[in-house]
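Novice: Each chain, written out:
Protein chains: 4
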Amino acid sequence: MKAQRVEMFVCPMATPSDTSGLQQLADSGKVRPDTLVALAGKTEGTGQHDDWGRVWADVVLREWTAKFLGIPVTEVAKQVIFVLSGGCPGVITPHIAVVAREWIEVPDGDIDAKEDKRLVVGRAGSDAMPPEEVGRMGQIEKVAEATRRAMADAGLTDPRDVHLVMVKVPGLTTASIKDAESRGKTVVSHDLTFGPEGAGVYANDAAALGVAMALGEVPESALSDEVVRRNWDLYSEVAMTSSGGEKRHGEVVLFGNSSGSQSSLRIGHAVTKDFIDAEGVRNALRSAGLQFEALPSEAELSRLVHVFAKSVIPGSDQVRGRRITLLDDVDAYQIGKALGGMLVASVTGRTTNYVSGGERNSHQGPPGGNIVAAVVRVDG
Amino acid sequence: MKAQRVEMFVCPMATPSDTSGLQQLADSGKVRPDTLVALAGKTEGTGQHDDWGRVWADVVLREWTAKFLGIPVTEVAKQVIFVLSGGCPGVITPHIAVVAREWIEVPDGDIDAKEDKRLVVGRAGSDAMPPEEVGRMGQIEKVAEATRRAMADAGLTDPRDVHLVMVKVPGLTTASIKDAESRGKTVVSHDLTFGPEGAGVYANDAAALGVAMALGEVPESALSDEVVRRNWDLYSEVAMTSSGGEKRHGEVVLFGNSSGSQSSLRIGHAVTKDFIDAEGVRNALRSAGLQFEALPSEAELSRLVHVFAKSVIPGSDQVRGRRITLLDDVDAYQIGKALGGMLVASVTGRTTNYVSGGERNSHQGPPGGNIVAAVVRVDG
Amino acid sequence: MKAQRVEMFVCPMATPSDTSGLQQLADSGKVRPDTLVALAGKTEGTGQHDDWGRVWADVVLREWTAKFLGIPVTEVAKQVIFVLSGGCPGVITPHIAVVAREWIEVPDGDIDAKEDKRLVVGRAGSDAMPPEEVGRMGQIEKVAEATRRAMADAGLTDPRDVHLVMVKVPGLTTASIKDAESRGKTVVSHDLTFGPEGAGVYANDAAALGVAMALGEVPESALSDEVVRRNWDLYSEVAMTSSGGEKRHGEVVLFGNSSGSQSSLRIGHAVTKDFIDAEGVRNALRSAGLQFEALPSEAELSRLVHVFAKSVIPGSDQVRGRRITLLDDVDAYQIGKALGGMLVASVTGRTTNYVSGGERNSHQGPPGGNIVAAVVRVDG
Amino acid sequence: MKAQRVEMFVCPMATPSDTSGLQQLADSGKVRPDTLVALAGKTEGTGQHDDWGRVWADVVLREWTAKFLGIPVTEVAKQVIFVLSGGCPGVITPHIAVVAREWIEVPDGDIDAKEDKRLVVGRAGSDAMPPEEVGRMGQIEKVAEATRRAMADAGLTDPRDVHLVMVKVPGLTTASIKDAESRGKTVVSHDLTFGPEGAGVYANDAAALGVAMALGEVPESALSDEVVRRNWDLYSEVAMTSSGGEKRHGEVVLFGNSSGSQSSLRIGHAVTKDFIDAEGVRNALRSAGLQFEALPSEAELSRLVHVFAKSVIPGSDQVRGRRITLLDDVDAYQIGKALGGMLVASVTGRTTNYVSGGERNSHQGPPGGNIVAAVVRVDG
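Chains as they are written, first to last, in numbering that gives the first Met the number 0: chain A, 0 to 379; chain B, 0 to 379; chain C, 0 to 379; chain D, 0 to 379.
Isolated chain A, as found in the complex (with noise of 0.2 Å):
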């Protein structure tokens, strides 16, 4: 019987083109083309839109993968997922976390031996989405369709192992809009920016509901067009979800714990009840197997691989009922991202950490929450 055994490897990255911990990781075996199968990370920049170290990184990694598996660069999305977020404002290393996905044969009975759950990965892409869908109904039934399929890749069943899904959805373009509008369709904002009515926040949060729908956390008769951010009580406790213009299909890769799984590796999520609670961060640490009462000690901590943390802005100037500006401050997209950074980096005690955010309001948490997973190892 197959089982699988993932790795997470975190290569900091020297500048947006800086492949060498790759190369290492390639040269070494510990991630060969046959189990390579997502890079997540961070590039270094504003993250603005005229941002151009996250596209640099973007052709880079997917010109080296390429090579790595022997593919022209087209057919590399078939194969690897790739969640690249612009901008490492503060205090976070650029860096990619390089995930691994082995199928190990073992014995029939063997499986249920392992008495804790151990981290098991899954991807899928979902249907094209025409840019009538992005934001809408549309992006998030396919969306949830997609998780779905990812589930069964990853071998889950049951929604609470499922710690952290990171999809990617189209966006919309100048051109994509033209096109939608000539064939009589409408669409669901003509602002391109990430800003509270941008297309690029309707997409990445109607892809958080299709993961909120799939697992079971929003009931499918709460969703319509009309709740995409309006209904903040609607939300997923473990997306992670970005969009392009460039995309015409969903991707989605999934993480969760299963008790089939070979890995030495476990994962666990929290949210953060507001934009100051270390303590949220602290749970997520908890809840993938750090064992400590108030604060973690080295030794725990260095048994800490990775953590993705979303830092989405409060849409609320109120945090435990004292006024903050950031809503006002014109660089809230940028300072909202670095605090989401300094907030993990003073629990984890280090600054490679996966952080995105700077939007306002998202379906992605609860409101004023934010989303904070974790992968520890349990051995090895």
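Here are the simulated lysine-lysine pairs, BS3-like style, with alpha carbons at most 25 Å apart:
1. C:Lys246 <-> C:Lys77
2. D:Lys77 <-> D:Lys246
3. B:Lys184 <-> B:Lys246
4. D:Lys66 <-> A:Lys66
5. C:Lys272 <-> A:Lys177
6. A:Lys29 <-> A:Lys116
7. A:Lys66 <-> A:Lys29
8. B:Lys66 <-> C:Lys66
9. A:Lys116 <-> A:Lys1
10. C:Lys177 <-> A:Lys272
11. C:Lys66 <-> C:Lys246
12. D:Lys246 <-> D:Lys184
Some, not all, of what chain B presents toward chain C, calculated at C-beta under 8 Å:
13. Pro15
14. Gly44
15. Thr45
16. Asp49
17. Trp51
18. Gly52
19. Trp55
Just so you have them, the derived chain B footprint on chain A, three or more residues with Cβ under 8 Å:
20. 75 to 89
21. 348 to 355
Keep in mind that the hints were calculated from the coordinates and are not lab data. A virtual CB, placed ideally from N, CA and C, is assigned to each residue, including glycine.
Fit chains B, C and D to the supplied structure of chain A, relying on the hints for placement.
Specialist: Frame of chain A; chains B, C and D shown alone:
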């Protein structure tokens, strides 16, 4: 015999011109014209050169104070020290901390009866500092001299009892540079910004070294024009300094603990070991007298009156062995300040903290680390 | 018979709170409490959400005006229309243009004696606009109605005599959205910024269409909620509009030329054909009456009193067939405004020009082009 | 006898990695490996420290050139000079100007037959410049020496025939400062930015003074370490300089007109008298040979091949007697550059202009003014 009773009140501000909190203190009699000694606060806005929020707040607060004290606006600076730090990026609530000092008549024997030391405050102005002295030994020595007098005003003799020295000194302006050069003098910099060679940081850092000299943190023999912003091993652990082109004299307000004090408050301080060191913030709380092992309880935190913290950007691109890009972030000045705000808020569980900073490297605190001072209520 | 005599004075401001220019006008008797009708100006600062320069200027100017008119601050808006546009990036000198209108008794026959038309000004307030009307037909119709009354107040009947209509209307706020939704109404946007789907630009653009409707530039039948910020072929060539969340009513100040006017000034306008069209600026000068073929002489320019220009960013990334990246510039809002300032200043040879803008696309002016109005001195 | 025939081709770039324009030139034979001498261009992105657009473009263009020339990437700098200026804010189209030089055999008598002078180009590298020389006499002298050799390479002897000298020199880095100081040397600045005391502007300005010295614009006796960025009366009218920490040598590419040239192109230049002086731009077009009185006709403009302009921010806050706030604008670096782009585009009627700048004060051009050079087609 006279003894001090010092109180500190923290008033959130709803706009840069909001004096309602001050007015309430005045109306309730908690602050009287003869007890008001200092206003230290954070004003909203960007905190950059073209931020008018701080200027507006300064104008309005001086007008309010003049009216409260029944004196002309131009006389206010002689009686009340203003330390307004511009910029509340992220999770820093705009606010004013009001310092009031009362002189209590106590029986001579009583002073030593109190076994623990309590908060005292002292103030002093310095001699005028011509532009050629800014950022150089002249400024260092005059700040040192004023610091010594502020200690005396506080009734302190042991530098170890001093936990926070807030200083404002003259910086440079186009006009004052012209003045100096017309007299055949040179100035420390022609850069009027807070960049790494800016006149603003030279002035701030000379002021910090002045405090360090007065308190014996740095031997006078180690000081010269050449070490300012060059030898980072020379620093104060209690100086928080700022500069303004419009000033001609230095102003010092100094906080410490004295066994003679009749205050209900106590102050303490610590330095963080690096930019993500939450434990350094907790050490400041402990130093002031909060009782906890790993994390402070809500009950203990409710005794916290206020935190004053610097958030100077480290001069290195490494935090705990990993590269960060903060030095290259175009918005580093704001992001650096915002990150300090998060580090403190995630420990104190509140956003009304005084956090200034954003500049690169400083003699305020050790290389890479930052100063944190805390005031707590001991009884009452 | 009564005839208007309108004067316009341009006062540079040294700070946001500088009323010295106004005071001089008052002291010299050039402006009297009964002649002051409008203040239109540019205030220094970033012009962004977190810019307090404009707010401070507004507070100070209203206080000055209240004192000058001998009325409470809250009554000022009923007598004097304020149009303060925040942000002077680049080569725009902070200033206030003061509009004074006197009613002169002239013999009945005299009116038509003047063969050329001269400057007149009219004002009107609109009915209250509830939040659900912002950016929609309700706002369009109420602005149209007020524009018609402002025309009547100016003594104008032919829309071709109208050259500039400055309008301020209510925008949306968190509070007003809540109010509307609590009454079962929807609002045009939840984005409170001036981004492409922001409430601010919807309000501005509905106001522009209101002007266009009143002046017959757009037939009423072409107007509906759906065309606002969608059909860019509908626009006004004379509307300069702005919005503020704090307002409940619209305010209109309208400038035109009338043969009945006893003014020494005349106004004209033109639209630029694209973002770099200096000839469009020159056409506005010609329209107002400056005499020149290719370039205006210094002597002719000395007759120029003031220029009012919009600098709306084109919705396309092409200028004369070449790609520009302005739409992607993170600072496009400021850069777009600054570029308009340069286009005008490089033609007028002076920096005291009223230039507002920075938003993307607008019904203020044709697609890609911008409105420029000029006031010149004809005699005196 | 050998004579130069120089061509210049302007290729807009659709992205930082777009080499399609170059490839077309190569495919058509218009540029050959032995004729390619320089690439000068504007790359999109913010143009700030954390802008990766310029870096990416540099990498891609060097790779393309290496392949085109059939040499290793590391050898490219010896054969082709790259001047890539980052940042296309506003109305500056990202583009590359390709300079090709062919040596034509002409009969000895023929050279003087051409009565008008035509475009020639020369290049030279300088000796290595250690960090202690950056921004000082060492750098000035080495640039002067290289400029003289570039003149010789261009076949020019009279400095009045030189109209544009583009120079790249080493700047400072953390590493090179450490190197200098470890050898007991000082460096000109510890500020690595392009702020007013930044190492970058010191290097640029020393390079400009080097050009001025070589061309006799400034007497050698007037030059010393002390005058750099202090005495603004010393400047070049033809130097456009930049610096990079990664470089060890200076590189010079020099453009002028020679009666021996067989080119169809001619170059000219002028300086603007202040920041809004469109006439200064027109003077550059006239200097190059466009024929017009007030404004150039479309037909004349069609002969314009390219414009190279600086947009240095004036050190004063006054333009023609009025205050501007540009010096205080936080985004002055970008806005200043953008304004230069508008000034040129509003005259040339096109956006593909090379405009660099944004720094405050410079020895590139007179105080307050900027250099504009233009290349026009004379025949063919």
